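Student: As a plain string of letters, each chain reads:
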Amino acid sequence: MEFRNRLLAALPPEERQLLQPQLDPVALRSRQVLHFKRVPIEQVYFVEEGLVSVLADTGGTEVTEVWLIGREGLVGLPVILGGIATPHRRVVQVKGHAFRIAAQDLRRAMEERLLLRRLLLRYAQAVLIQASQAGACANRHTLHQRLARWLLSAQYRLGRDSLPLTHALLARLVGARRASITVALGALETAEITGQRRGEITILDRDRLEQAACNCHHIIRTAYESIALEEPARTPDR
Amino acid sequence: MPRYFLHVRDGNRIYRDHEGVMLPDIEAARAYALSDARDLMCRNEDVQDPAAWEIQVCDQTGRQLLAVLLQDAVRGAPRTTGDDRADS
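Protein chains in written order, with the numbering used here: chain A, 1 to 238; chain B, 239 to 326.
Rather than coming from a laboratory, the hints here were simulated on the basis of the structure.
Because the structure is a prediction, the values reported are computed rather than measured.
Do not take every clue at face value.
[What the hints assert, rightly or not] Across the chosen pairs, the derived CB separations fall in these ranges: (1) B:251 - A:104: 54 to 60 Å; (2) B:262 - A:83: 37 to 43 Å; (3) A:138 - B:286: 58 to 64 Å; (4) B:290 - A:228: 45 to 51 Å; (5) B:260 - A:136: 32 to 38 Å; (6) A:102 - B:265: 49 to 55 Å; (7) B:241 - A:205: 31 to 37 Å.
[What the hints assert, rightly or not] Coverage of chain B stretches by chain A, computed from C-beta distances (three or more under 8 Å per stretch; other residues unrestricted): (8) 250 to 264; (9) 294 to 302.
[Said to hold, decoys possible] Sample of chain B residues lacking proximity to chain A, with all beta carbon distances greater than 12 Å (derived): (10) 239; (11) 271; (12) 274; (13) 275; (14) 309; (15) 312.
The C-beta atom is built at its ideal place from N, Cα and C for all residues, glycine as well.
My request is simple: use the sequences and hints to build the entire structure.
Tutor: This is the structure we're talking about:
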C-alpha cells in the first residue's frame, strides 16, 4: 500500500507491514473534533490528506490555533510521549482522510519496534522545534512575514497549492485581527504572489512567498524534513 | 445573530470581506470594526497613511450600516508611548 502520510511512508517496509493491520482508514470531516481537551486520547490519526488544527484556550471562551497537522505528521503526539490527555483540542479544518490506530496499539508497537519508536520521537522533536520557533516568531516578526510562513506551512502539510483556509483561521494562527489578514492577502494578491477565490487561497509564486516569509519557515521545515532521513547503517537491535 | 461584513477601503481600493462575522447587534459590529482598525493601524505595514483608510460595516444585502475611520480608532486605543496631550 502507498502512504501519503510522511511518517508511515518513512517506515521501513517490514515495520510498515507489521503496523498495517492495526491501521483503519477513516474520513476526516470538516469541524470534526478528533481530541477533546483533558479527555484521555484513545485514537491516534496519521493524516493522509486534510488539515487538523491544535487549539489552545486563551481565556474565557476564546480559543486560538497553535499549530497545524497534515500529511507530515500525526494527531496524538501526547501518546508518543507517554501522556494521557492534553489541554488542547484537535479539530479538522480541511477535510480529508487518515489512518487511525488505537493509542494502546501504537504504544505497544513503539515498545516493540525500535525504528518506529525512533521515527516517532524524531517527529516529536520536530514538533518541539516548531512550537518554540513559532513562539519566537510571534514575538519578533511582522504580520506579513508570519502570514507568509503560515501559508507555506499549510501548503507543506496539505501538499497542494490551493488552500481552503478562511481569513478567520489565518487571523488566529498569525495572532492578528481578520481585517489585517484580509488587507495583507490583498497586498499579496496585487503582487501576484497568491490568488484568492471565495474560501480558497492559491499560492501562485512560491519563491516570492518564501522571500516574504521569515526564516522560521526554513528552520521548521528542515526539522520536519530531517525526520525521514536514513537511520544510521547498522542492524537495529529489537 | 446577524452576519456583518467588514470591508476595508484605502482610497484606491477595497479589500472585501467575503466571510463576514456573526455579532449580536450593530454596536457589537462597531466595536469589532474599531478593534480591527486598531490592529490595522498598529501592525499592518500596508497602512502608510491612516487618514486614507476606513472600515465599512455592511449587512448581508451589501447595504452599508456604518464606517469607522482608522484615525478615529486610534483615539480610543490605549497609548503605549508618550501622551502628547497638554495636561496643564
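Student: Hint by hint, note whether the structure agrees.
Tutor: Each hint, compared with the structure:
no.	hint	verdict
1	B:251 - A:104: 54 to 60 Å	holds (56 Å)
2	B:262 - A:83: 37 to 43 Å	holds (39 Å)
3	A:138 - B:286: 58 to 64 Å	violated (24 Å)
4	B:290 - A:228: 45 to 51 Å	holds (50 Å)
5	B:260 - A:136: 32 to 38 Å	holds (34 Å)
6	A:102 - B:265: 49 to 55 Å	holds (50 Å)
7	B:241 - A:205: 31 to 37 Å	holds (33 Å)
8	250 to 264	holds (count 7)
9	294 to 302	violated (count 0)
10	239	holds (15 Å)
11	271	violated (8 Å)
12	274	violated (4 Å)
13	275	violated (7 Å)
14	309	holds (15 Å)
15	312	holds (14 Å)
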